[in-house]
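K.L.:
Here is how the chains run, residue by residue.
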Amino acid sequence: MSILEIKNLSYKYGVGTPFEIDALDNISFSVEKGEMVAIIGHTGSGKSTLIQHFNALLKASEGQVLLEGKDINESRESAHKARFRVGLCFQYPEYQLFESTVYKDIAFGPANMGLDKAEIDRRVRKAAEFVGLKESMLDKSPFDLSGGEKRRVAIAGVMAMEPEVLIMDEPAAGLDPRGRKVILDLIKNYREKTGSTVIIVSHSMEDVASVADRIIVLNKGRVAFNDSVEEVFSHEKELREMGLNIPQITKIFSELRSFGFNLSGNVYTVDDAAEEILRYLHKGGN
Amino acid sequence: MNKESLIRFCDVSYRYESDNETPLPLAIKNINIDIKKGEFVAILGHNGSGKSTIAKLSNAIILPEDGKVFVEGMDTADESLEYEIRQKVGVVFQNPDNQIVATIVEEDVAFGPENLGIEPKEIRQRVDDALKSVGMYEYRLHEPHKLSGGQKQRVAIAGVMAMQTDCIVLDEPTAMLDPKGREEVMNSMLRLNKEMGKTVVLITHYMDEAVKADRVIVMNSGNVVLDGTPREVFAHEDIIENAGLELPDSAKLALKLKKNGVNLPDGILTPEEFIEGFKFSVSGGASQ
Chain A
1 MSILEIKNLS YKYGVGTPFE IDALDNISFS VEKGEMVAII GHTGSGKSTL
51 IQHFNALLKA SEGQVLLEGK DINESRESAH KARFRVGLCF QYPEYQLFES
101 TVYKDIAFGP ANMGLDKAEI DRRVRKAAEF VGLKESMLDK SPFDLSGGEK
151 RRVAIAGVMA MEPEVLIMDE PAAGLDPRGR KVILDLIKNY REKTGSTVII
201 VSHSMEDVAS VADRIIVLNK GRVAFNDSVE EVFSHEKELR EMGLNIPQIT
251 KIFSELRSFG FNLSGNVYTV DDAAEEILRY LHKGGN
Chain B
1 MNKESLIRFC DVSYRYESDN ETPLPLAIKN INIDIKKGEF VAILGHNGSG
51 KSTIAKLSNA IILPEDGKVF VEGMDTADES LEYEIRQKVG VVFQNPDNQI
101 VATIVEEDVA FGPENLGIEP KEIRQRVDDA LKSVGMYEYR LHEPHKLSGG
151 QKQRVAIAGV MAMQTDCIVL DEPTAMLDPK GREEVMNSML RLNKEMGKTV
201 VLITHYMDEA VKADRVIVMN SGNVVLDGTP REVFAHEDII ENAGLELPDS
251 AKLALKLKKN GVNLPDGILT PEEFIEGFKF SVSGGASQ
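Residue numbers (this note's numbering), protein chains in the order written: chain A, 1 to 286; chain B, 1 to 288.
It is worth saying that the hints were derived from the structure and are not from the lab. Model, not experiment: these values are computed from the prediction. Please note that a few of the clues may not be correct.
To be verified - Not everything, but these chain B residues come out facing chain A in the computed CB check (under 7 Å):
| hint | residue |
| --- | --- |
| 1 | HIS46 |
| 2 | SER148 |
| 3 | ASP178 |
| 4 | HIS205 |
| 5 | LEU245 |
| 6 | GLU246 |
| 7 | LEU257 |
| 8 | PRO271 |
| 9 | PHE274 |
| 10 | ILE275 |
As the list claims (entries may be wrong) - Each pair of labels, with its calculated beta carbon distance range:
| hint | chain 1 | residue 1 | chain 2 | residue 2 | range |
| --- | --- | --- | --- | --- | --- |
| 11 | A | PRO18 | B | ASP75 | 52 to 58 Å |
| 12 | A | PRO18 | B | ARG231 | 54 to 60 Å |
| 13 | A | SER10 | B | GLY197 | 48 to 54 Å |
| 14 | A | ARG279 | B | ARG231 | 27 to 33 Å |
| 15 | A | SER264 | B | GLU84 | 55 to 61 Å |
| 16 | B | TYR16 | A | ASP25 | 42 to 48 Å |
| 17 | B | GLU122 | A | LEU57 | 47 to 53 Å |
| 18 | A | GLU62 | B | ASP128 | 40 to 46 Å |
| 19 | A | ARG240 | B | GLU122 | 38 to 44 Å |
Stated by the list, open to error - Once the Cα atoms are required to be at most 27 Å apart in a straight line, the calculated DSS-like pairs of lysine-lysine come out as:
| hint | chain 1 | residue 1 | chain 2 | residue 2 |
| --- | --- | --- | --- | --- |
| 20 | B | LYS256 | A | LYS188 |
| 21 | B | LYS256 | A | LYS251 |
| 22 | B | LYS256 | A | LYS283 |
| 23 | A | LYS59 | B | LYS146 |
| 24 | A | LYS220 | B | LYS146 |
| 25 | A | LYS7 | A | LYS81 |
| 26 | A | LYS237 | B | LYS146 |
| 27 | A | LYS251 | B | LYS259 |
| 28 | B | LYS259 | A | LYS181 |
| 29 | B | LYS258 | A | LYS181 |
| 30 | A | LYS12 | B | LYS146 |
| 31 | A | LYS237 | B | LYS279 |
| 32 | A | LYS251 | B | LYS279 |
| 33 | A | LYS181 | B | LYS212 |
| 34 | A | LYS283 | B | LYS259 |
| 35 | A | LYS251 | B | LYS212 |
| 36 | B | LYS88 | B | LYS29 |
Where a beta carbon is used, it is the ideal one built from N, C-alpha and C, also for glycine.
Using the sequences plus the hints, can you model the full thing?
P.N.:
Right, here's the structure in full:
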């Protein structure tokens, strides 16, 4: 059974006003346990609206969100539980830090779950370790940290709820290349160690290619593609028409192939690309 | 090209105010930068390296703790020149939603010149010209909040253009945009520079944007560590990586292959250069 299933979900903004608009239009897909899925789409394609349905922050105008087969909007209680089972980390989450210490900020989610002190403590320390925050930082004010560190505190706060599904909206936006890599590595690491399901929303085709098993492309509130990285990035023309793109490296390879070089199309990162070119040259250019 | 100085940083240091007794470290340290008229300069650096501080110092939003910033020879610390300085240098920030003030696109663009007390007829002309220069003229009667991120950012740029500044400083204008939005904003900046002769200072985390500049400045922990053409700057892989940055993907790939004995030309930075270099080296029967 899929951990998360979205069934014929539609959402309208401004119902009953002249400005009524279909933000999401009949969306269906499912996510398997332990999968890393990326959602991409142009600004305004409905990505952020969609993920807010996954933990009942928004209620669909039509359709259902099933968590392990059960509709999360079945009762107030199930909707409340979904908040903890599905952890949502918003864009620029560091703006939501508010406590006086890093420790208290990370503990805020678990404390709201009604856990006992010892369990909260265990979770705070574990989450802090996951995101690479030193023990000595836990007593500091989050506002004395650098931008990248603040972001990691905010992410730790969601991880400490130990959600079955972790959703991250643009986790690396606004960070420098090293900061991006740190965040992406920690998400990969978290998923490997905990077996959690991770959904990542991103505008960076490079980041998506380096972490995801599968890509869901949203376009004007509809699912345009739902397929492997390889399949989705083979549609350069359609993606460009949707305001998206393919990774720079993939573009280089598609161009080289058009000049008759017999190179693989399944290349998204610099490392893959170097390997493939060396293989090609080694075989004497065939 | 005219090599007259437009913005000059002379031994500039700056420190943000601390909210307790211990002072914060210097955000930028004894910096010297001379931005010439007509240049397209990209400023790169890790988060907290001092890039945004440079943007804010460049039109007297903040003033140096030590040293001087001159805009066309005018000292930014001289309060009486503040208006004149802001008419020379305009700044566009990262988040388009934080800098749009009106409910109609053309009113938003008119906000700057209105505040300068310019004649209505002249404002009309400036707003139309500015919107045309960023390709947003057809949207002049639209509501800004219904535009895409890239469109909003271009409206923000038009707002600065309508003030007819000679120089536009953009602080990570594409950080929140999708690929198409990034391309639109980048093309607008290039057009302002190449066709209209505006000086552009682009602060960015994207190496592929920096490659399109005439000149790249790299900051690390408040210091300028590299300053030169993209080719000169990206030749220093170690300094770039030490600064928390990376080479553009095409350059990384070329370097990796060269280390494995593939014969490619030096200084590859863009996909086009990589493809040309690869075709030449492989088809030309160069050694492997």
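K.L.:
Which constraints among the numbered hints does this structure fail? Numbers only, ascending.
P.N.:
Result: no hint breaks.
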